[in-house]
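Going line by line, the protein sequences match chains A and B.
Residue 120, in my numbering, is where the first sequence stops; the numbers in between run on with no holes.
Residue 119, in my numbering, is where the second sequence stops; the numbers in between run on with no holes.
Source of the hints: derived by calculation from the structure; they are not laboratory data.
Warning: the hint list may mix true and false statements.
In silico BS3-like links for lysine-lysine, alpha-carbon gap of 27 Å or less [to be verified]:
{"#": "1", "chain 1": "B", "residue 1": "Lys111", "chain 2": "A", "residue 2": "Lys16"}
{"#": "2", "chain 1": "B", "residue 1": "Lys111", "chain 2": "B", "residue 2": "Lys32"}
{"#": "3", "chain 1": "A", "residue 1": "Lys62", "chain 2": "B", "residue 2": "Lys111"}
{"#": "4", "chain 1": "A", "residue 1": "Lys62", "chain 2": "B", "residue 2": "Lys32"}
Restraint-style ranges between C-beta atoms, simulated for each label pair [said to hold, decoys possible]:
{"#": "5", "chain 1": "B", "residue 1": "Pro14", "chain 2": "A", "residue 2": "Glu88", "range": "30 to 36 Å"}
{"#": "6", "chain 1": "B", "residue 1": "Ser57", "chain 2": "A", "residue 2": "Leu65", "range": "24 to 30 Å"}
{"#": "7", "chain 1": "A", "residue 1": "Thr43", "chain 2": "B", "residue 2": "Asn24", "range": "26 to 32 Å"}
{"#": "8", "chain 1": "B", "residue 1": "Gln20", "chain 2": "A", "residue 2": "Gln46", "range": "24 to 30 Å"}
{"#": "9", "chain 1": "B", "residue 1": "Arg47", "chain 2": "A", "residue 2": "Gln85", "range": "41 to 47 Å"}
{"#": "10", "chain 1": "B", "residue 1": "Pro14", "chain 2": "A", "residue 2": "Thr43", "range": "19 to 25 Å"}
{"#": "11", "chain 1": "B", "residue 1": "Gly46", "chain 2": "A", "residue 2": "Ser67", "range": "23 to 29 Å"}
{"#": "12", "chain 1": "B", "residue 1": "Ser34", "chain 2": "A", "residue 2": "Gly21", "range": "39 to 45 Å"}
{"#": "13", "chain 1": "A", "residue 1": "Glu73", "chain 2": "B", "residue 2": "Glu61", "range": "39 to 45 Å"}
{"#": "14", "chain 1": "A", "residue 1": "Lys76", "chain 2": "B", "residue 2": "Gly65", "range": "35 to 41 Å"}
{"#": "15", "chain 1": "A", "residue 1": "Leu44", "chain 2": "B", "residue 2": "Ala87", "range": "20 to 26 Å"}
To give an idea of the chain B side of the interface with chain A (calculated C-beta under 7 Å), a few residues [as the list claims (entries may be wrong)]:
{"#": "16", "residue": "Gly48"}
{"#": "17", "residue": "Leu49"}
{"#": "18", "residue": "His51"}
{"#": "19", "residue": "Ile55"}
{"#": "20", "residue": "Arg60"}
{"#": "21", "residue": "Lys75"}
{"#": "22", "residue": "Phe94"}
{"#": "23", "residue": "Tyr105"}
{"#": "24", "residue": "Phe109"}
{"#": "25", "residue": "Lys111"}
Glycine residues also receive a C-beta, built at the ideal position from the N, C-alpha and C atoms.
The lines below spell out each chain.
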Amino acid sequence: DTGVSQDPRHKITKRGQNVTFRCDPISEHNRLYWYRQTLGQGPEFLTYFQNEAQLEKSRLLSDRFSAERPKGSFSTLEIQRTEQGDSAMYLCASSFSPPRGYGYTFGSGTRLTVV
Amino acid sequence: SQQGEEDPQALSIQEGENATMNCSYKTSINNLQWYRQNSGRGLVHLILIRSNEREKHSGRLRVTLDTSKKSSSLLITASRAADTASYFCATDSGGGSNYKLTFGKGTLLTVNP
Chain A
6 DTGVSQDPRH KITKRGQNVT FRCDPISEHN RLYWYRQTLG QGPEFLTYFQ NEAQLEKSRL
66 LSDRFSAERP KGSFSTLEIQ RTEQGDSAMY LCASSFSPPR GYGYTFGSGT RLTVV
Chain B
7 SQQGEEDPQA LSIQEGENAT MNCSYKTSIN NLQWYRQNSG RGLVHLILIR SNEREKHSGR
67 LRVTLDTSKK SSSLLITASR AADTASYFCA TDSGGGSNYK LTFGKGTLLT VNP
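With these hints in hand, go ahead and build the complete structure from the sequences.
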């Protein structure tokens, strides 16, 4: 297991289109997190899963956003009817629960550009 | 919302010098973590300090935590050009098993060769 994988690395889409991102966490980790990062800012929490259960969603996650983690393995984040304000880097992270001394492991992110 | 605030926002030093970054936060925490992010890439975990710890070392990194002042500092000694990156502090302040990280806006460190 080489870490957290995210796909695609880059996505350019037209406003109004739907997009879906995938995250494959470290297999032993039971927690999976989604964050969003805009230029010059720190990552902002969107949602997290414990195994297949989605335990918390940020108010940033409007009803156009949906995340799933079927079978507690990989996760998908879908954005419907994309808007220009959705342009950002979407980061996935995984960890044990509780997190151990080495913190969370992040993927390289998916950069979304909405034109 | 972002809990932590790093200071300074940007820091430029010469190779071999030490770099110190500070972080302040607002609520009580379980632990505080520092991450590095190279331009356009994901975050790399550097060090975790628990709320009952005051200082921790890892290689050229030294982290301190003062829970009474709700602040932490990250010291990078003998900096290298490869240390050029953004550095973020993140607080884990969830109650019970509600672990999640809240990040600051980061410090952009430039190490000039």
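Cβ separation of B/Ser34 and A/Gly21, checked against the hinted range 39 to 45 Å: Holds: the Cβ-Cβ distance is about 43 Å, inside 39 to 45 Å.
Distance restraint evaluation - A/Leu44, B/Ala87, Cβ atoms, bounds 20 to 26 Å: Holds, since A/Leu44 and B/Ala87 (Cβ atoms, about 23 Å apart) stay within the stated range.
Between A/Thr43 and B/Asn24, does the C-beta distance stay in 26 to 32 Å? 31 Å, holds
Double-check B/Arg60 for me: the hint is only fine if its C-beta lies closer than 7 Å to a C-beta in chain A. It is violated, given that the least Cβ distance between B/Arg60 and chain A is near 16 Å, above 7 Å.
Does B/Lys75 pass the interface check with chain A, least Cβ-Cβ distance below 7 Å? Hint on B/Lys75: violated, closest Cβ of chain A at ~21 Å, above 7 Å.
Under the criterion that the straight-line Cα-Cα distance not exceed 27 Å, is the pair B/Lys111, B/Lys32 satisfied? Holds, at roughly 14 Å.
Chain A contact restraint on B/Phe94 - CB to CB distance below 7 Å: 5 Å, holds
Lying within 19 to 25 Å: is that true of the beta-carbon distance B/Pro14 to A/Thr43? 20 Å, holds
Outcome for the supplied range 30 to 36 Å, where the beta carbon pair is B/Pro14 and A/Glu88: About 33 Å separates the Cβ atoms of B/Pro14 and A/Glu88, which means 30 to 36 Å holds.
Starting from the hint 24 to 30 Å, judge whether the C-beta atoms of B/Ser57 and A/Leu65 obey it. The hint (24 to 30 Å, Cβ to Cβ) holds, given that B/Ser57 and A/Leu65 are roughly 26 Å apart.
B/Lys111 paired with A/Lys16 [C-alpha distance capped at 27 Å]: With a Cα-Cα distance of about 24 Å, the restraint between B/Lys111 and A/Lys16 holds, given a limit of 27 Å.
Against chain A, with CB atoms and a cut of 7 Å, does the hint on B/Phe109 hold up? 3 Å, holds
Hints 9, 19, 20, 21 from the earlier list are contradicted by this structure; the remaining hints agree with it.
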